[in-house]
Every structure is written in structure tokens, then in C-alpha cells.
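Undergrad: Residues per chain, in single letters:
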Amino acid sequence: MVSVCFYFQIHQPYRVRKYSIFDIGNRSDYFSDSSGTKLDNKWIIDKIAKKCYFPTNAVLLELLNKYPEFKICYSFSGVYLEQLEECAPEVLESFKKLVDTGRVEILAETYYHSLSFMYSKGEFREQIKLHTQLIKRIFGVTPEVFRNTELAYSNELALEIEAMGYKGIIAEGWEHFLDGKSPNYVYRPKGAKRIKVLTKNYKLSDDLAFRFSNKGWCEWPLDVPRYTSWINSVNGNGDTINLFMDYETFGEHQWADTGIFEFLRAFPGEVLKHPDNDFKTPSEVIDAYPDRGEYDVPYVLSWADMERDLSAWNGNDIQKSAIEKIYSLGHQVLKTRDPELIHVWRKLQTSDHFYYMCTKYFSDGDVHKYFNPYDSPYDAFISFMNVIQDLEIRLKRYSSVEKTAVLHTPEGLNKGSNISEKIYKVNRVSSKEVLNEN
Amino acid sequence: MFGWEFPPYHNGGLGVACEGLTKALSKQEVDVIFVLPKKNKYSVDYLKFIYAEETTPIHKKYFVNSILREYSTENSYGAEIFEGENSFLYANSLIDEVERFALIGGQIAGEEEFDVIHAHDWLTYRAGVAAKRVSGKKLVIHVHATGMDQCGGQNPDPVVFEIEKGAMEAADQIIAVSNLTKKRIIDHYGISGDKINVVHNAAEFSDYIEKEMHELEKYKKIVLYLGRISIQKGPDYFVSMAKKVIEHCPDTVFIVVGSGDMNNQMIRQVAKLGIADKFIFTGWIRDRHEIQQMFKMAYIYIMPSVSEPFGLVALESMHLGTPVLMSHQSGASEVAVNALKTNFWDIDEMTDKVVSVLKHPALGRTLSQNGKAEVEKITWDEPASKVKNIYNKMIEVTC
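Those protein sequences? They're chains A and B, same order as listed.
Using this note's numbering, the first residue of the first sequence is number 99, and each one after it goes up by one.
Using this note's numbering, the first residue of the second sequence is number 290, and each one after it goes up by one.
In case anyone wonders, no lab produced these hints; they're calculated from the structure.
Please note: incorrect hints may appear among the correct ones.
[What the hints assert, rightly or not] Chain B is nowhere near these chain A residues, computed Cβ spacing over 10 Å in every case: (1) Leu196; (2) Gly200; (3) Val239; (4) Glu242; (5) Gly278.
[What the hints assert, rightly or not] Chain A stretches covered by chain B per the calculated footprint, using a threshold of three residues with CB under 8 Å from any CB of chain B: (6) 115 to 123; (7) 480 to 492.
[What the hints assert, rightly or not] As a list, the in silico EDC-like pairs of lysine to aspartate or glutamate whose alpha-carbon atoms are at most 20 Å apart: (8) B:Lys532 / A:Asp121; (9) A:Lys116 / B:Asp576; (10) B:Lys648 / A:Glu422; (11) B:Lys648 / A:Asp488; (12) B:Lys648 / A:Asp121; (13) A:Lys116 / B:Asp635; (14) A:Lys116 / B:Glu638; (15) B:Lys533 / A:Asp121; (16) A:Lys371 / A:Glu160; (17) A:Lys164 / A:Asp198; (18) B:Lys533 / A:Asp488; (19) B:Lys661 / B:Glu671; (20) B:Lys648 / A:Glu490; (21) B:Lys509 / B:Glu579; (22) A:Lys288 / A:Asp277; (23) A:Lys458 / B:Glu665.
Keep in mind it's a predicted model, so treat the numbers as computed, not measured.
Quick reminder that beta carbons are idealized off the backbone N, C-alpha and C, glycines included.
Input sequences plus hints: build the corresponding full structure.
TA: Here it is as C-alpha cells:
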């Protein structure tokens, strides 16, 4: 028996607008680019909705209706869902329809798609809680399996997640740590008692996510029977094939004209031709299969690059200084109990901001490897740090009127928006708890 | 190959480029005869030098004793003549010198054996064209700068313009040092893009000898301007930027190395804005080590050129680990990625970037490390092989 376990990552950050020193102290609309170009968050969501979200959701709904055995799983970042509520509710509706089939699982993650686990445990836990509340409110379900930002994973993280009550966690299946074992089994994180880890089969995942349209690849053009034959070959020496990928694989990274949608449409039928195959969601895989030993990851493993580390996010000095700066403001920000300010501070923790400052491949001229909405990593850093300086000015204003801060009604809070009011309440309560924990 | 300066006796980036290019060409088995106006003690074994001043013209008994410089204009040339240093001179017009160099260039072409003619910049174009006429060999002209750049795009010297246009038309192939320059040749000189090849300069620099920290560096943050003070280089934008930077970072000092026809205007602008106490004007510094130290001292080097065909000095700054802010209107910006870039006229954007470097040490460090590593990879081997291909292409057509 072998189960195909799909999980799709869906996230969009609040990109920081071009923000100069002349804006510091004068405007606090950090995410408000409306230029209709690559820093305009609404424009990006609209663009990807047309190319990916709508068509992929339609195909998947069709498949779920056609094959009762078909199952999938999503991990939505909170900031993504928030943006959908604000500017693309019809996209959200189509996701709800999928979830309503009862065969779509949703994973837990940090609301702000942050690397907070590395910098503040209290903040990390809080962001998971906020995410859980959001998922419950929108989809009416409660996640049981956790996935960390950028698939950042370690033994320590797994134990933390176990302590928070989750039954499973997602990780990259990297040979170095698998130590000769197959990624196609369920494992137990080192030191864990209960929680299980699902390891991504990155070869089969990347065949779709990265190589599908690569004409230089020896398997191009990949057809469904051949791909499925690789899955069938695992029968007898594996329990699950974890196909984890960005949702944008469908229609955005692999354009419609590559045939990716036809591939997706034909895939479940082909898999189900084999009597020993089925589809399972992550929590079903965890329930169905015993662990086959230990997965020992003593230091942080991610999905990225040959190094599978976090150096694309915190490898250079500008990234380090930006990320350390944002977390160093935590205590001051939370103390204000200003939900809007806390929300903004947390939006600035989203890992993408630091990714845009990556210079690793920039020098090699391989700029397209890392998509960057800024002209250069240095420009990304400059706007980000200017925003931080504005945030610090706002914090100083608080410290001078500290006593009245609790009663403060946040300026700039979008009263007309549902989500803002909810965030307002949520962040208001949460700040107190994180403060206590830290 | 016709040039007019060669290190160590050079003023501008052109001498450096000629040295790098010819050295790499020799490694690729191209023999170069390098014709210079004036004799000097060169210790280079990969070139055969011919000095025009040693060649006695058949018709007239005079030689070219040149103070030709890369960016001499008729005005500055006149000024230099009267400085007295060049008392050996007989010519009082730069254009006359260009004509004489052309005459001798043609003569040399009749005496030497070679396959192609390569002329660097307008002062040698006439010589290149003459050599082509005499020998019937193909001519490639190498455009490091145009008269159009030097005047900031307005009212170029008509004589220089005519020489450039004539040579561009006569040449079989043209090498432009940047896409920017190629575009200029097409737009302003009406030359077909088909025969224009873009070959970016490389950057191979000597190593820096570490010196003690300068006193100034301990207390102030230094922003550097280095280059000719003329409209092409955007000194006025530098001053406007300085005024705004000081409002955010009062601890900054602006050092201006160089001189030029806008010298006084720049000083007046600084005085008028009330920031004279933040400026140091050093004039030209000729000592390489002193120049290197200037770069080392600076937090950032600014190249706000209005029109810079290449701007090798920006890469030299990166090589020395000093972050660079260059204008998009410079050829180097087509090559360098680990540098800050703005439009030359965008004072606010320039200020934003400079202040960020001054305020966030991590930004300067990252630019420095990555910039240095990047420049190390830009060698002359690739440009030389492109040039060699152009030679081969021209020779094949002849056969």
C-alpha cells in the first residue's frame, strides 16, 4: 500500500512599499503600494488568482467530485488569508468550497509566515495560536499537523510542537539526515514520544514544482503514466509519498501552456488505477502508518538550496541586522498593546522581507533564481530599515504617553474591514500573553 | 593600435583599459603594435611601442609632442599650454595635434606589418582612418567616450563631433564600452547598430597596501567624490545630495578629489548652501596609493555622472571594498550588481541610499564584501576574446 500525500503551500507577504528616509515620521502606510507592479500586493494577488488560484481550485474541485478517494492538504499563511478577505473574497470562497468537501486538510503554521521560532519562542507560539483561530473562523476546522515557515525544522522544533499538542509535523526529507532511510515512511523526531514527522519526497515533488517545463531535463515532457509509474514503484518499499510544493506551481511557476493543468487533471485517475494506491492527508498518513525509526535533525533544515539551510534568509549581514532589529523591538511593541502596531510589527516578521535581501546568487548574475520585487537586495534592506525607523518613532510616542496607551484607538485601522477588527481583538489579547511568556 | 596614454603615464581610465585589454590580447596570441604620441619609459614586454614623436614625417620636420589627455577640451588644453610645464610645445591647438598624429599614423601604417587597425577614442580616430586609407586594412574604433558625454548631452564641440562621426562612418566595426554608449552612437551619430559591438571593460587593479587609519576617519563619516569636476560627472548633484545628507547625518564629511571647469562653480554652490565646513577639496591626487587610501577612508563613493560611457573608477572602488552609488546613466551600472544605483537627477533617492549606508554598518559591509568578490571575477579575458572575435570577423571578410 502506498499513499500519495499532497500538501500545497500558499502564502503571499505584505511587501513593503518603496519607503525612503523622507517618509520616516510622515507616513505609516508601509504596505500600500498601488502602482500595479511588483510591490503592489493586491495587484499580485489578482494576477496569481487568474493564473493559479481560480483555475487550480476549479480543477481540484472537479477531481474531488469525481474521485471520492482523492484528498489534498493546504497550508495557508495567515497574512495570505487576510489579504484574500480584504481584496479577493471570491478566491477565499472557492477555497472554502474545497474544504467543505471534507477531504481537504489544513495545516497549522505561523500566522505571519515568520521565522519566529529562531528568535522568540513566545512570539512563535502566539503566532501559531493566531493562525489556528483564523483557520477555525474561516474554515471551521482545527489543524492537527504543523508546518513551519520555509520548512525550517529541527529536533528542538519538533519537541516544541509536540508539547503544543500537535500529532504531526512536516519536514524536508534530506538524505544527510535520513541517513540511508527512505523519505517514504513516517518517522519519529529524535527525543519525541508521540509526534510523528512526514518527510517531503523532494525528488518527486520537484519534478512537478521545478522541472516540469524544463526542456533540458531528460524526462521532459513528463507524462502522467510515467510519473505515476515512479509512484507505483514505491509500492512494497514505502508507505507514503509526500508531495509538498508551492501552490503557485500550478499556473504561475509552470504556466498553463506547459500542460500542468492537464497533468493534474489526469493524475488521480492514473494513481488510482493501481489497486494498492490511495490518497491520504497528512493526519491520515500519521494515523495509518507506524513510525519506522527516528529522524534526527540536530540543526535547522529548510527546503532551500543545496545547503538546505536558512542562509537565503539570514546568511548575510544586512539580513541578520534587519531580522535581529525587528525582534529586538518585540517587548516595546507588545507593551503598547496597540493591536494595529503589533499587527504591523508582526507583518514585518514575514520571512519574505529577508529573502528579498539575499545576495547569495545575486553576484553570480543568477538573479532569476531568487525572484525579487525590489531592484536589488540593498533596496529591499533600505526600505525595510526606513520602515523600522518609523516604527521606532511611533514607539517613542507611546513611551511618552504610556499610561494612556491601553485606551488608545489605533489610527489607520481600517474600520470598514472585518479582518482588521478581528485582528484588533486578537492582537490585543495576545500581546499580554506573549509579554508574560517572554 | 592607436592610443594616447598608457600606465603608469596616464590620467584617465582609458590608459588602464588599454593596458588590461592589450595584456589579455597578448595572452590570446594577438600581437599588438601600440602607437603613442609621446615616448615614455614603459616596462611592458607584451607590446611593441611606436612613438609618433620619434617618427620623422616625410613631408614636414616636426614631431608630435603631446599633452593629449583623455578628456582634454580645447579650453582646458589652452590653459595647460600656458601653465609653462609643457614649454616644449609648438602646437597651440588640440585639433592641430590630432591632425599631426593622424599624419604620422598614416605613415606608420605604411611601414609596419599588421592585419587590423584599432583606434581608441576621438584623438586617435583620424590616425586610425589615415592608417586604413594608406594600408587598406580594416579599422575598428573603440569608443570609450564621446564628445556627447563630455558636454552632458548638449552642444558638443562641433569639431570633435565631426571627427567622431567621420571615423564612425569610416570604421568597419565599432566597439562601444556599454549599451549606453552604443545607444548614443546610434541616436546622436546616426550610425547603424549592426556594426556596433558592446564590450564592457573589465577591472583588474593592483592590491592595496594597508595604511593606518587617517585621523579624519576616526571622527567623521566620509563620502567621496572623485573625478573631473565638469558637467558630465554631475558634481552639482553631488552637492545637492550632500546638503540633504547632512540634515540626517551631521557627522558626515564630503571629500572632493579632482578638478575641472566647474571647480569654482562647485565651491560656490557649497558655500551658498552653507555647508562649506563639511567639504574638503583636494584637487587632483596623482599618487595611486593616496587615491587608494581615499577610497579606503570613505564610507561610500558616489559617481553621479550625467553621462558616463563606462566609469572604471566605480569598479576600482568596489575592488577596494568601498561601497559605490552610481548613476543609472553610467556604463558600469550595466556590469556591477553589488552597488547602489539611482538616476543622477534623483537627489532624494541618492540621499536615501547614502544615509542608509551611513546609518547601517551592515549595509556598507555587505556591499563591500560582495562588491569586492564580484569585481574579482571581472577579468579582461572575456572582453579580450570578444575583441579578438571582432578582429577575426574583419579579417575573414577581407580574405
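Undergrad: The structure should be examined with respect to each hint, and the outcome stated for every one.
TA: Right, here's what the structure says about each hint:
no.	hint	verdict
1	Leu196	holds, 42 Å
2	Gly200	holds, 50 Å
3	Val239	holds, 42 Å
4	Glu242	holds, 40 Å
5	Gly278	holds, 37 Å
6	115 to 123	holds (count 3)
7	480 to 492	holds (count 3)
8	B:Lys532 / A:Asp121	holds, 18 Å
9	A:Lys116 / B:Asp576	violated, 41 Å
10	B:Lys648 / A:Glu422	holds, 16 Å
11	B:Lys648 / A:Asp488	holds, 14 Å
12	B:Lys648 / A:Asp121	holds, 16 Å
13	A:Lys116 / B:Asp635	holds, 14 Å
14	A:Lys116 / B:Glu638	holds, 10 Å
15	B:Lys533 / A:Asp121	holds, 14 Å
16	A:Lys371 / A:Glu160	holds, 18 Å
17	A:Lys164 / A:Asp198	holds, 15 Å
18	B:Lys533 / A:Asp488	holds, 18 Å
19	B:Lys661 / B:Glu671	holds, 19 Å
20	B:Lys648 / A:Glu490	holds, 15 Å
21	B:Lys509 / B:Glu579	holds, 19 Å
22	A:Lys288 / A:Asp277	holds, 13 Å
23	A:Lys458 / B:Glu665	holds, 16 Å
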